[in-house]
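Novice: Each chain, written out:
Protein chains: 2
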Amino acid sequence: MSSAQPLQATPLSPRTQVTLSVDCMGGDHGPAVTLPACKAFLDRHPEASLVLVGSADALAPAAAWPRTTLRTATEVVTMYDPVEVALRRKRDSSMRVAIAALKADDGGVPAAHACVSAGNTGALMAVARYVLKTLEDIDRPAIATVMPNRKGGFTTVLDLGANVDCTPEHLLQFAEMGAALVSAVSGIDEPSVGLLNIGEEAIKGSETIKRAGELLRAAHQAGQLNFHGNVEGNDIFLGTTDIVVCDGFVGNVLLKTSEGLASMLSDFIKQEFTRNPLTKLAALAAMPVLNRFKRRVDPRGYNGAALLGLRGLVFKSHGSADAYAFEQALGRAYDAARNRLLERVQDRIAAPSTGTAGPSALAA
Amino acid sequence: MSSAQPLQATPLSPRTQVTLSVDCMGGDHGPAVTLPACKAFLDRHPEASLVLVGSADALAPAAAWPRTTLRTATEVVTMYDPVEVALRRKRDSSMRVAIAALKADDGGVPAAHACVSAGNTGALMAVARYVLKTLEDIDRPAIATVMPNRKGGFTTVLDLGANVDCTPEHLLQFAEMGAALVSAVSGIDEPSVGLLNIGEEAIKGSETIKRAGELLRAAHQAGQLNFHGNVEGNDIFLGTTDIVVCDGFVGNVLLKTSEGLASMLSDFIKQEFTRNPLTKLAALAAMPVLNRFKRRVDPRGYNGAALLGLRGLVFKSHGSADAYAFEQALGRAYDAARNRLLERVQDRIAAPSTGTAGPSALAA
Chain W
1 MSSAQPLQAT PLSPRTQVTL SVDCMGGDHG PAVTLPACKA FLDRHPEASL VLVGSADALA
61 PAAAWPRTTL RTATEVVTMY DPVEVALRRK RDSSMRVAIA ALKADDGGVP AAHACVSAGN
121 TGALMAVARY VLKTLEDIDR PAIATVMPNR KGGFTTVLDL GANVDCTPEH LLQFAEMGAA
181 LVSAVSGIDE PSVGLLNIGE EAIKGSETIK RAGELLRAAH QAGQLNFHGN VEGNDIFLGT
241 TDIVVCDGFV GNVLLKTSEG LASMLSDFIK QEFTRNPLTK LAALAAMPVL NRFKRRVDPR
301 GYNGAALLGL RGLVFKSHGS ADAYAFEQAL GRAYDAARNR LLERVQDRIA APSTGTAGPS
361 ALAA
Chain V
1 MSSAQPLQAT PLSPRTQVTL SVDCMGGDHG PAVTLPACKA FLDRHPEASL VLVGSADALA
61 PAAAWPRTTL RTATEVVTMY DPVEVALRRK RDSSMRVAIA ALKADDGGVP AAHACVSAGN
121 TGALMAVARY VLKTLEDIDR PAIATVMPNR KGGFTTVLDL GANVDCTPEH LLQFAEMGAA
181 LVSAVSGIDE PSVGLLNIGE EAIKGSETIK RAGELLRAAH QAGQLNFHGN VEGNDIFLGT
241 TDIVVCDGFV GNVLLKTSEG LASMLSDFIK QEFTRNPLTK LAALAAMPVL NRFKRRVDPR
301 GYNGAALLGL RGLVFKSHGS ADAYAFEQAL GRAYDAARNR LLERVQDRIA APSTGTAGPS
361 ALAA
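Same order as they appear, the protein sequences are chains W and V.
FYI, the numbering for the first sequence is 1 to 364, going by my numbering.
FYI, the numbering for the second sequence is 1 to 364, going by my numbering.
Where hints are given, some of them may not hold.
It does not matter which identical chain is meant; a pair holds if it fits inside one copy or across any two.
Straight line, CA to CA, 25 Å or less: simulated PhoX-like cross-link-like pairs of lysine-lysine [said to hold, decoys possible]:
1) K280 <-> K151
2) K280 <-> K270
3) K294 <-> K280
Read the hints as simulated data drawn from the structure, not as lab findings.
Chain W with its partners taken away, still in its complex shape:
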């Protein structure tokens, strides 16, 4: 951290009681995955409560669970439902009811602190935006996820697809929100931010990127942000910075490219080891080592993307998550809520040097 001024302190004390609302019907597997995950999560988090949302039938097994409230919803947003269907037709979807549970005025039960769904991303963002609205001064909510890096940690990348065209101001807000997320979830007080570009030099990139770099440098000089400078695609895996900021188009492409490459390489390894009896014998010897490798890069271990910039915490689990992966998403939401991510985002966005963004014209 080379800034002359210190970054702002983070005086927020952790919440002792956390309630998560869970869309139990979302994802490829629905309650078959979400319920066991919720049960395991409850067992491991004695200070957590859950609001489970789904059809009465689906939730029946959870009727006698401790620290659990059941809330029925008659509809389910499928993985293929267009945004309009999720938004306008399925008004009693488990997704929507789970998100609405974050609002303080929602019935007699206290509001939940964070919501988790494995439902389709576009619908989740749209419904969350509609139900919760965006934070003041936030034009565009963003989606942040983590990718493993060589340092043994994770690089947080945002935006991952919520916004295809971004202004420099949006990119600055993504940086601020990403910093709030990393400080809340990973406990890093002054996470470093890199601006994804096609070269490390400040003169590289499009006009939008160059101007974003100026805004980020100004925020750094004002002591609001630990801005490292430009980074390139490979820096995500080097762990050069804690956070990498990019527009949603680029973020989505790099995420899907990475998933595609990792999956191809893993299949190639499998194919080579199952080629013939001899290679299968080698596989037997190599299995413990390969399993260790697999665990190390297992995407289930860091499942749970954050929707940032909304008046409520929403986490998105991978649609194909199994119970273990879904439990990790619950854990991430729990950590975020416990460490007051929402307040951290608000604090950062309200800070003077970052109040340059336009009105939240798209919030409605």
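Model the placement of chain V on the given structure of chain W, informed by the hints.
Specialist: Just chain V, lined up with the frame of chain W:
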């Protein structure tokens, strides 16, 4: 191929004699790598000739080689030279002289058909553009490379960094040039083209991408291009299409992200297998299998990116290429020249349905 009309025939007969000009000083290793590669290439290609460019000292070992012309150049563009230095100060660089060897009026020796350099990409593109100029109707040259896919083949991706801001017309030209490249180098007559986007639906993406999709669909309907539709990042590795088109910013990010991820995963595997005596024993058993895997995804095997849209064929080798990798780049350039890539690009660009691009204002 679902188009009603057939694609244009490719009546170009292969060239029997091919001459490559080689910047022997470029790359991280210079002549120590390029000369052995050239020698091996000559041995394997009895109908090829080389024009070797470099300092007199460096080229001395090649003095008695068959089918080889030596041409001295007094300067070298380093990997760190800014474009301006390569362009304006080092006028007698091996890079520039090698590119100039493509011009018919260049001294008494017949013009070379393609040029190969491992020098820095920015400088290579700038010098090539300055010396050769762009083809008529081409605003922006592009850089195309291949990435391995699950089908056992390769996906050609462009642009990879020459152009940060692209218009829909540029993306259409990239598609045409990519199709010419794949048909020349891989022998696929009607290579399929995918437009990189963040969803398969035609309504996804930025305005530029949507409009590019319209142009590509029109070219498909006119029988000029085998346009598949939108593809996503993972489709590169699935091999959904032969060609994936994107702007240079996105292309550069996805290339560097892929390189970074592949390199991290390979290092993780190495780390796990060298962790302790037991894992080292397992490595011994697994070694033949792992080596087979390594060969399968070895980037050296498909080294050699094409600079497309210029009035001459220029191929860029990875700067860190070893002799094997550099020879592959020579081989790609050879295949392209032999199969008349330049004429193929010209034919495609001149075709009526794709003559929609603006004047070549940036050609000078």
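Novice: Report the numbers of all earlier hints that the structure fails to satisfy, in ascending order.
Specialist: none
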